[in-house]
Amino acid sequence: MVSCVEDVEEIGLQDDDEKELVIDDTDFDPTDWTEATHSNDADPDFDEVFEDLAVKRLDIVITEDRWQAMLDDMTDLYGTFGASRGGGGRPGGGGGPGGAATFTDEDPLFVPAEVFYEDNEWYRVGVRFKGNSSLQSSWQSGILKLSFKLDFDEFEDDYPQIKNQRFYGFKKLSLKNNYNDRSMLREKVATEIFRDAGLVASHTAFYTVYVDYGDGPVYFGLYTLVEEVDDTLIDTQYNDNDGNLYKPDGDAASFASGTYDEDEYVKKTNEDEEDFTDVESLLTLLHDGSRTSDPAAWRTSLEEVLDTDVFLKYLAVNTIIQNWDTYGRMTHNYYLYNNPDTKKLNWIPWDNNEALQTGNQQGSLPLNFSGLNASSWPLIGYLYADDVYRAKYDAYVSEVISGPFSTSIVQAKYSAYSALIAPYATTELNGYTFLNSSGDFQNAVNTLMSHAQSRASAVSSYLNN
31 MVSCVEDVEE IGLQDDDEKE LVIDDTDFDP TDWTEATHSN DADPDFDEVF
81 EDLAVKRLDI VITEDRWQAM LDDMTDLYGT FGASRGGGGR PGGGGGPGGA
131 ATFTDEDPLF VPAEVFYEDN EWYRVGVRFK GNSSLQSSWQ SGILKLSFKL
181 DFDEFEDDYP QIKNQRFYGF KKLSLKNNYN DRSMLREKVA TEIFRDAGLV
231 ASHTAFYTVY VDYGDGPVYF GLYTLVEEVD DTLIDTQYND NDGNLYKPDG
281 DAASFASGTY DEDEYVKKTN EDEEDFTDVE SLLTLLHDGS RTSDPAAWRT
331 SLEEVLDTDV FLKYLAVNTI IQNWDTYGRM THNYYLYNNP DTKKLNWIPW
381 DNNEALQTGN QQGSLPLNFS GLNASSWPLI GYLYADDVYR AKYDAYVSEV
431 ISGPFSTSIV QAKYSAYSAL IAPYATTELN GYTFLNSSGD FQNAVNTLMS
481 HAQSRASAVS SYLNN
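Numbering-wise (this note's numbering), the sequence shown opens with residue 31 and increments by one.
You can take every hint at face value.
Taking lysine-lysine pairs in the BS3-like style, the calculated list, with each CA pair at most 27 Å apart, reads:
{"id": "1", "residue 1": "K201", "residue 2": "K179"}
{"id": "2", "residue 1": "K373", "residue 2": "K277"}
{"id": "3", "residue 1": "K297", "residue 2": "K277"}
{"id": "4", "residue 1": "K86", "residue 2": "K175"}
{"id": "5", "residue 1": "K277", "residue 2": "K160"}
{"id": "6", "residue 1": "K160", "residue 2": "K193"}
{"id": "7", "residue 1": "K373", "residue 2": "K298"}
{"id": "8", "residue 1": "K297", "residue 2": "K201"}
{"id": "9", "residue 1": "K297", "residue 2": "K193"}
{"id": "10", "residue 1": "K160", "residue 2": "K202"}
{"id": "11", "residue 1": "K201", "residue 2": "K175"}
{"id": "12", "residue 1": "K298", "residue 2": "K179"}
{"id": "13", "residue 1": "K202", "residue 2": "K297"}
{"id": "14", "residue 1": "K298", "residue 2": "K202"}
{"id": "15", "residue 1": "K443", "residue 2": "K175"}
Treat the hints as calculated values from the structure; they're not laboratory data.
In this text, all values refer to a predicted model and were calculated from it rather than measured experimentally.
Please work from the sequences and hints to get the whole structure.
Pasting the structure below:
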């Protein structure tokens with residue numbers, strides 16, 4: 031592997047929408063650049079980047095100074111590395127301040143790095159750590175297998191050579207570290223079930239990741255590469271990408287009465303347009319008094335702003351597979367896209383590493399949503415209380431359990447994928463893994479197999495009653 035990185039002079043930090051490192055290593059020639067691999071003129075190559083039955087390799091090369099800047103920034107955000115296990119040592123060496131961390135919604139530092147794949151180099155790619163509680167927990171546990179966000183033209187203003195640089199047509203990609211998932215299958219399989227059910231959801235693939243931060247490549251472990259919703263997903267799975275895309279986060283994401291807050295309906299497209307009438311209308315119509323006085327009129331009005339069929343199918347899949355870390359328990363981990371073809375908000379699932387298990391925070395919701403506070407989670411509670419919508423939900427439950435989440439189909443996925451990734455999952459390195467032993471991996475796969483059977487039984491019981 032040969033990198034174009036030469037000696038650089040770091041000249042400080044700049045404040046922008048996201049933190050970045052200012053650099054002056056601008057004298058290089060992007061010799062590996064081709065239209066198919068690097069240009070934004072090429073269509074996204076899903077077969078190359080998101081091949082299902084393959085484990086591919088990505089190498090990230092970061093200069094020692096930039097790596098240290100990333101670590102120092104993480105210390106500022108989350109406290110001392112390894113603090114929760116009585117550690118305090120710094121990954122990759124170096125000193126720095128420690129102290130207790132507090133929750134932050136501030137993104138970690140972006141730095142330029144080189145990315146290598148199949149003997150080709152991508153230049154000055156924006157790389158940062160990513161995640162919320164999973165990032166903090168991994169860091170404070172002393173696990174350096176952290177999730178990464180890649181943005182291939184993040185630094186194009188500093189390096190004109192990489193203007194509109196893409197990775198086989200992709201501008202942004204997420205490398206998920208499979209936090210809290212010793213099978214390392216849940217992100218991929220759960221997301222795949224949504225897509226197999228006919229819903230819009232990201233493509234995923236398995237990658238080994240090596241990071242060279244000054245002393246040669248270090249195996250950071252097996253990751254799941256995930257397509258970004260605000261990049262190619264809305265470009266390729268909708269006819270038009272000009273609609274408002276939101277990533278709600280906070281109380282407003284619940285759509286409970288009185289929670290409307292434009293700051294919490296985070297826009298990912300059309301950011302400069304102060305038009306939030308679609309999400310505001312959804313909240314207003316959802317709580318309209320006609321819901322109880324004239325349900326037919328309420329449904330008609332609601333369906334003018336929300337694609338209820340998409341939401342109910344999503345709800346059926348999400349509840350069957352069990353996914354607690356999203357709407358119904360948590361006010362995050364979904365997108366809303368106003369599809370220009372229909373002028374309706376579409377629900378898009380996101381961040382599924384906690385799926386396929388009962389989970390935390392009171393656990394995943396039961397199929398009949400017993401115990402759910404309907405006013406706190408009205409998109410579930412109010413729709414399920416409506417006879418027409420409940421019948422549609424039940425029909426989708428039956429469709430999903432006999433199709434994409436049938437026991438035979440999902441267990442076949444687990445068998446194929448676990449055999450594929452086992453050599454890479456079970457050879458992760460101490461300090462770069464969530465496994466305590468290689469046996470943890472197979473035990474986790476066995477648990478998923480049993481889970482598929484138990485969910486089929488649960489659905490049968492629900493539908494028969």
